Amino acid sequence: MQTPTYLAAELRLPTNWLDYTILGIYFVVVLGIGLAARRSVKTSLDFFLSGRSLPAWVTGLAFIAANLGATEILGMAANSAQYGVYTTHWYWIGAIPAMVFLGLVMMPFYYGSKVRSVPEFLLLRFDRAAHLLSSILFAAAAILIAGVNLYALAIVVEALLGWPQWVAIVVAGAFVLAYITLGGLSSAIYNEVLQFFVILAALIPITVIGLKSVGGWDGLSDTLSQSHGDDFMTAWGGTGIGSDNPLGANWLTIVLGLGFVLSFGYWTTNFAEVQRALSAKNLSAAQRTPLIAAFPKIFIVFLVMIPGLVAAVLVPAIGTADSDLQYNDAIPYLMQQFLPNGVLGIAVTGLLAAFMAGMAANVSSFNTVFTTDIWAKYVVRHREDEYYIRFGRLITAIGVLASIGTAFLASSFSNIMSYLQTLFSFFNVPMFVVFIIGMFWKRASMKSGFWGLIAGTTAAMINYFVIYKQGIIGIPSDQGANFVSAIAGFVAGGVVMVAVSLFTAPKPARELQGLVYGTRSPGMAEPPAKGDDAWYRKPALLGWGAVILAAACYIPFSF
Amino acid sequence: MSEHFSERDLQQEVSELETRSATAARLFDIRRIIGGLFVLYGVIVTIAGVVASDADIDKAEGVNINLWTGLGMLILGLLFLLWLKLRPTAPPPPAAVPGDREE
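Going down the list, the protein sequences come from chains A and B.
If you're matching positions, the first sequence starts at 1 in full-length UniProt numbering and goes up one per residue.
If you're matching positions, the second sequence starts at 1 in full-length UniProt numbering and goes up one per residue.
Keep in mind that the hints are not guaranteed to be accurate.
To be verified - Here are the simulated lysine-lysine pairs, DSS-like style, with alpha carbons at most 30 Å apart:
{"no.": "1", "chain 1": "A", "residue 1": "Lys538", "chain 2": "A", "residue 2": "Lys442"}
{"no.": "2", "chain 1": "A", "residue 1": "Lys42", "chain 2": "A", "residue 2": "Lys377"}
{"no.": "3", "chain 1": "A", "residue 1": "Lys377", "chain 2": "B", "residue 2": "Lys85"}
{"no.": "4", "chain 1": "A", "residue 1": "Lys377", "chain 2": "A", "residue 2": "Lys442"}
{"no.": "5", "chain 1": "A", "residue 1": "Lys377", "chain 2": "A", "residue 2": "Lys447"}
{"no.": "6", "chain 1": "B", "residue 1": "Lys85", "chain 2": "A", "residue 2": "Lys42"}
{"no.": "7", "chain 1": "A", "residue 1": "Lys530", "chain 2": "B", "residue 2": "Lys85"}
{"no.": "8", "chain 1": "A", "residue 1": "Lys530", "chain 2": "A", "residue 2": "Lys42"}
What the hints assert, rightly or not - With the C-beta cut set under 10 Å, the calculated list includes, among others, these residues of chain B facing chain A:
{"no.": "9", "residue": "Val45"}
{"no.": "10", "residue": "Met73"}
{"no.": "11", "residue": "Phe80"}
{"no.": "12", "residue": "Leu82"}
Derived from the structure by calculation, the hints contain no laboratory data.
Since we're looking at a predicted model, the values are computed, not measured.
Ideal Cβ placement from N, Cα and C applies to all residues, glycine included.
The whole structure should be built from the sequences, with the hints applied where relevant.
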């Protein structure tokens, strides 16, 4: 995390009344969506999961937008300015295979078992220990990430618009609070779909003009190859095992660590993502949610990578002591340099919308897990449904206030926050191994889930904080160490699960119906909805199409 | 509730809530909002492009970026409204019979 408050004067955007009009209209629409969605909330299922009734294109775009928060956009542009075309790995190998796997393989179990959250699946498949552990950790992580998002928003808004940090934190927090409390998940998802299009309208002009300013793709490529070396403009150059590259990772750790463990952990078990698919109207739509999201994901990399690369050309010293600009400033810098009033307002709106959507995705998944998984199962059980809607609204307010608190904390202890974030990120890794073994191995016992989670998290943390940070083995960068820690956590979690399963009782077979590969719950099969048999709605075709397209995208960047 | 949760209970609970859910019947169609907002933004930004000063155009490397972005947003907005007109919101499903989610 960065705290570039001293950049304020330098990056200040020349906004005028026109830009503020555009921003103001957006805020009005956001609230309007919340108010209009309010009348659709009749049951707790409406509030937490949109009544499982949204069409696939809506949940698919929300799925991608929940990931396309502003920290992701600014961060991936920064990554590109620093590491070059290696950034494509976070998209093509580090997202697409996992998204397709979620849609084709895992979604029938998730959606078909009618669970309302990722932890609830663990409750059905394993036991209360695994359920409570994952619920509490997820809820805590969601609040932390929402707070960090809010803090990042405050820094950027202060630098770009000159608002004091507390104003930005309180205003953004209040809007998110209002529209989620009113309309629940439907309102969060609708705002995410809107944000998706606004952020595209912001990034496309920046990319086009940025490219023009450096002489097109050829000019960009020639300049950077000369200044940073040929590998900077390739995806795989210099990633041989033992060879040196700025990323600090080789092809094996990229494929296994990023492409397999980290990415599958994030995309298939992070409830802030999976929740979008669970709100789809039927199994086919739920399966298509991550698959529809995969196609924009393949191409969005160009809209964040090119601005990052352009910034590396225009400010050769970016990110070093010779320049006031940090890598994270790549996109704001191009906005300031190139965008006239009007489009500038769209870009500011897009960035703010992306920050708010990133926060809202976490808040709307937090309130669901806290209400249905923690409160309704362990604290106040068997109350009427209206009670849980009221509680959901209350906990949304508490969650937003807690993330506002976290944001203020982050502004004074930013190191502690980034440390905590790393810590929570290690929890995703064993989640994936527990899911994958639980879904494919009937014998995995009830207790093995909990111990797999504990062992995997511990192993990843030991590898990162002891072995890497103490320098016991040499890994050249934090990113590289992250990949290796993820692999260590995956292996440890898997080994412990198998070992515990061999010595403890398996779950009775009749309780595993619909949760493990090769089983079906009686009475759960849905007839396909009208029109879902069209060829372009076949999940297998969409999924394999995305994988082939992502692989093909690597070709021009591999030689 | 017994020591381990019965998934049948959870599934029954969710199925029961699904039959009472109001989202499908009462939630507005987002295409109208996207269409409306992008038409409005498109018009505003296109006008900014039509009256763009030389300084604006020079800043954007000689491209009248407001004009092009505005037109792009306008077209996107109109496409959403057209889509809504051609394929209107599906009528809400008839009073749900448990297990029957066909329209």
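Results for each hint:
no., hint, in the structure
1, A:Lys538 / A:Lys442, "29 Å, holds"
2, A:Lys42 / A:Lys377, "21 Å, holds"
3, A:Lys377 / B:Lys85, "45 Å, violated"
4, A:Lys377 / A:Lys442, "25 Å, holds"
5, A:Lys377 / A:Lys447, "19 Å, holds"
6, B:Lys85 / A:Lys42, "28 Å, holds"
7, A:Lys530 / B:Lys85, "20 Å, holds"
8, A:Lys530 / A:Lys42, "26 Å, holds"
9, Val45, "5 Å, holds"
10, Met73, "6 Å, holds"
11, Phe80, "9 Å, holds"
12, Leu82, "15 Å, violated"
Checked against the numbered hints above, the structure violates hints 3, 12; every other hint is satisfied.
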